[in-house]
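Student: Sequence:
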Amino acid sequence: MIRLAPLPTRASTLCRFFVPRQARTRTACAAEADPFNQLFQKRKPTGLRPSYWLNSQDSIQSQLKALAANNKPYPDHGIEVAYRFAGFDPFARSQYFGISLDLGQFERYRRIFYTPLYRPLLGHTSVEILSQLEVDDVSLVTRVLVTNSFRREEQVYELSLRRRVGGRFDGAWFTESLIAEGSSRQTLYGVI
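Our numbering puts the last residue of the sequence shown at 196; the count rises by one with no breaks.
Among these hints, one or two may not hold up.
[To be verified] Pair by pair, the computed Cβ-Cβ distance ranges are:
| # | residue 1 | residue 2 | range |
| --- | --- | --- | --- |
| 1 | Arg-112 | Asp-141 | 31 to 37 Å |
| 2 | Ser-130 | Phe-95 | 21 to 27 Å |
| 3 | Gly-108 | Tyr-78 | 35 to 41 Å |
| 4 | Ala-96 | Glu-158 | 29 to 35 Å |
| 5 | Gly-108 | Asp-141 | 25 to 31 Å |
To be clear, the hints were calculated from the coordinates, so they are not data collected in a lab.
For clarity, every value in this text was computed on a predicted model and none was experimentally measured.
Cβ atoms here follow ideal geometry from the backbone N, Cα and C, with glycine treated the same way.
Start from the sequences and build out the full structure, keeping to the hints where you can.
Tutor: Quick look at the structure:
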């Protein structure tokens, strides 16, 4: 067997201390320093996102908790979590908020939450589930009363959830629509 000298990298100096001299070869140290190995390793997903392990109630609670603490750990994090759970096609107009809007870009989605109808969701203090209807095995409609005591506002929202069947997110619950009671084209006019 022909032994090659270790590569002159930081990983090879670490390799010198942790790998016995007999086992050290150029390929062993090069494999440790290879950045492509780190790219293809399975990593645990970061942040809140739809998952097979979350049931419909957990999906709703995850979104509402994130919206309650919207600016933690960074600005508009709660809106970003709600965007991850949104089940619309980003390349087509969507009826997600009850009217036809182009929500493909996050900024357009974010602006809706700063309108008077959806502002109570940001930093809300309490949520009460008013009613819940399981339409079939893969769809659910929930009405919630959100109270924001800081702004002294209350608003009722209807969340429609649907479970994906097949594909990457098989079994995950996505929000098909989030409609504020009393919303219309006129109330969201400044955003459109």
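Student: Look at each hint and say if it fits the structure.
Tutor: Outcome of the hint check:
{"no.": "1", "hint": "Arg-112 with Asp-141: 31 to 37 Å", "result": "32 Å, holds"}
{"no.": "2", "hint": "Ser-130 with Phe-95: 21 to 27 Å", "result": "37 Å, violated"}
{"no.": "3", "hint": "Gly-108 with Tyr-78: 35 to 41 Å", "result": "22 Å, violated"}
{"no.": "4", "hint": "Ala-96 with Glu-158: 29 to 35 Å", "result": "33 Å, holds"}
{"no.": "5", "hint": "Gly-108 with Asp-141: 25 to 31 Å", "result": "29 Å, holds"}
The structure fails to meet hints 2 and 3 from the earlier list, while all remaining hints are met.
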